[in-house]
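A.B. asks: In case you want the letters, here they are:
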Amino acid sequence: MSFSPIDRAAAKTPNGVARRIRGLSDRTIAWIFVAPTIFLLLAVNIFPLIWTIRLSFTNFRVNRPNNDVEWVGLQNYQRILTDPDIWQTMQATAHFLIWTIILQVLIGFTLAFLINKKFKGNDMWTTIIVFPMMLSPAVVGNFWTFLYQPQIGLFNYVVAFFTGVDPASFSMIGDVNLAPWAIIIADTWMWTPFVMLICLAGLRSIPDSIYEAAECDRASKWRQFWTITIPMALPFLMLAILFRGIENFKMFDLVVQLTGGGPGNTTTLTSIDLKREAFEKWRTGYSSAYAVILFVTVFGLASIYVKALNKVKER
Amino acid sequence: MMKFLNGLLRFRRGAWEMLASILIALGVVMLMQPFLLTLYTYSFIVTLVGTVMFIIVSHFPE
Numbered sequence: 001m002s003f004s005p006i007d008r009a010a011a012k013t014p015n016g017v018a019r020r021i022r023g024l025s026d027r028t029i030a031w032i033f034v035a036p037t038i039f040l041l042l043a044v045n046i047f048p049l050i051w052t053i054r055l056s057f058t059n060f061r062v063n064r065p066n067n068d069v070e071w072v073g074l075q076n077y078q079r080i081l082t083d084p085d086i087w088q089t090m091q092a093t094a095h096f097l098i099w100t101i102i103l104q105v106l107i108g109f110t111l112a113f114l115i116n117k118k119f120k121g122n123d124m125w126t127t128i129i130v131f132p133m134m135l136s137p138a139v140v141g142n143f144w145t146f147l148y149q150p151q152i153g154l155f156n157y158v159v160a161f162f163t164g165v166d167p168a169s170f171s172m173i174g175d176v177n178l179a180p181w182a183i184i185i186a187d188t189w190m191w192t193p194f195v196m197l198i199c200l201a202g203l204r205s206i207p208d209s210i211y212e213a214a215e216c217d218r219a220s221k222w223r224q225f226w227t228i229t230i231p232m233a234l235p236f237l238m239l240a241i242l243f244r245g246i247e248n249f250k251m252f253d254l255v256v257q258l259t260g261g262g263p264g265n266t267t268t269l270t271s272i273d274l275k276r277e278a279f280e281k282w283r284t285g286y287s288s289a290y291a292v293i294l295f296v297t298v299f300g301l302a303s304i305y306v307k308a309l310n311k312v313k314e315r
Numbered sequence: 001m002m003k004f005l006n007g008l009l010r011f012r013r014g015a016w017e018m019l020a021s022i023l024i025a026l027g028v029v030m031l032m033q034p035f036l037l038t039l040y041t042y043s044f045i046v047t048l049v050g051t052v053m054f055i056i057v058s059h060f061p062e
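Sequence order for the protein chains is A and B. The first sequence: position 268 = 268 (my numbering), numbered continuously. The second sequence: position 10 = 10 (my numbering), numbered continuously.
Since the hints were derived computationally from the structure, they do not count as laboratory data.
Below are the DSBU-like pairs computed for lysine-lysine, each with C-alpha atoms no more than 30 Å apart in a straight line: (1) A:Lys120 to A:Lys221; (2) A:Lys281 to A:Lys250; (3) B:Lys3 to A:Lys313; (4) A:Lys311 to B:Lys3; (5) A:Lys307 to A:Lys250; (6) A:Lys250 to A:Lys275; (7) A:Lys307 to B:Lys3; (8) A:Lys221 to A:Lys311; (9) A:Lys118 to A:Lys313.
Next up, chain B with everything else stripped away, as it sits in the complex (with noise of 0.2 Å):
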């Protein structure tokens, strides 16, 4: 955990994209979730945030 929260700070990819692919499997499973509307209804932002994230992360330092 120590790793993944100094890779953060550091701007390493690694925790990056690890931080990015958690945020657009959540808003995935968000949007097609059968259980409250309310999530549905923010999925869509969380997926976007977490793939424009991936997409920046992946050019930092590994």
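Next comes chain A alone, as it looks inside the complex (with noise of 0.2 Å):
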């Protein structure tokens, strides 16, 4: 007779040990289970948020840990919420934003169109355009500064060679109107093959039934494309939206390599400024202030387009 690795490891269970499992209920063992997963999200998630929260009360500074901690009430929100250079943050940011989801998810969607296709070569083409996503921030960030460089870089020399002007007569990182496009090209460049991958997932997961259908009915290939594709490959869209909207709003890692923060302080987005507020200038409580209120912001919109999402998909 043979016995299954269960069976050994209740064998070897102490009489004792075991009369007390068997007298568990159901809902306990699962309880014993899920604790450990509560227990890290608690310690992980949920008292960081929570002890931020107490500390945007306060004006704490991490570096004089013996300096007494003053309760001030409202004051940090009060000074972020009446700060102009704050409010033009939120500007290059929302600028950041809205520009880089509009150009990924075009040129994504457009991109994973013409790959569903099946053509000669295909695979690489997609191995190809899925390259730049793999590397690191950093990498990317280096790599575009040398293109936007007037003197040697790739980039002037191609805006040369199809609109005429001087290679040199322009700065892409330097100039304060196009800084803030410098750092949305990069950043389209790095990850549009995200987008991509997950358009090419939602147009591969509608059945080819559906278009010999159309095609039957004699739908024109611009009516299959507006009737079928786009609403079946929505919710793929929608996530990817969802996807990049939060991860950009968090930038931080390539613009910092990039530009810096500048020209002055055309491309400071908030996780910039959030973290010299409470690395470099120490101000715990107000920058957890300040982090409160992204919190907010980001959870709000993610609340509301994760019930999109949802409908969407009900449909």
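The task is to assemble the complex, starting from two chains supplied on their own in separate frames and drawing on the hints.
C.D. replies: So this is what it looks like as structure tokens:
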């Protein structure tokens, strides 16, 4: 007679322990299994969040741990929400967020649509297109810094080739009007493949039979695109927008490497500003309030977005 | 419009979620608009009210 590992483990369990386990209800056993996860979640997510909210009402500075911590009420929030510099940072973030999402969705979906067609070298092109996404943001930042160099950068020469302007006459990173577009182009280059992959998954999930039925009904390609492809790929597109929206709201490394938030404050996004407040000026209470404001904004947006996504999926 | 108002009066989830969503969206627009500092100042409270409302009303009956 052969014994399974479970039988062997049961045989080795001391009688007292076995009796106690047998006496437990299913609900209790379920709680025992779930408890470590809940504990981890509380320790890693919930506790820091509550601690940050608490700190946001104080003047605590982490580099002066021996100083008295005073309760300042809503003063941190009041200062942040009346500061024109932070307002400017929010606008820079909005500009970055809106344009990256628009460009990434448009280009990503177009690429996915093309890659979805069966042609020779399909897999090779997919790998080449996905390549930028595999790089580290620090590498991409460095890489684009060289590309944007007015004297030797390839980007300026490409623009010069198409427009006829002198390549050394403009600097993508040094110009206050061009720098916000420089970070948008670099981020779009890096993350469009991610949107493409999600859209490709959506397009490949559409059964061929639907298109065949549409062909039988003599629906044009244009009509098929708007009444089959777009509605059926929409949940995937929305998912891609959600992921990119949240990620770009927190964008830090690529922009720091590329422009360092400059020139002036034109590319200082909220996450860069928050990091400076927290770890350069060491205003922990103030930066906690800043973080809470950003958290509530992202959480609120994500809530309505997930609701909309569920509605689209139910259709 | 009447359906929406009835939903609000009867504490139905759909109508209240819609109201909360409008508040959140309005708060985010106020936070990031480049026109008026006053709107920016009150953006957080609008978003916060919308978000808390959204969490509460998602437990209302359909």
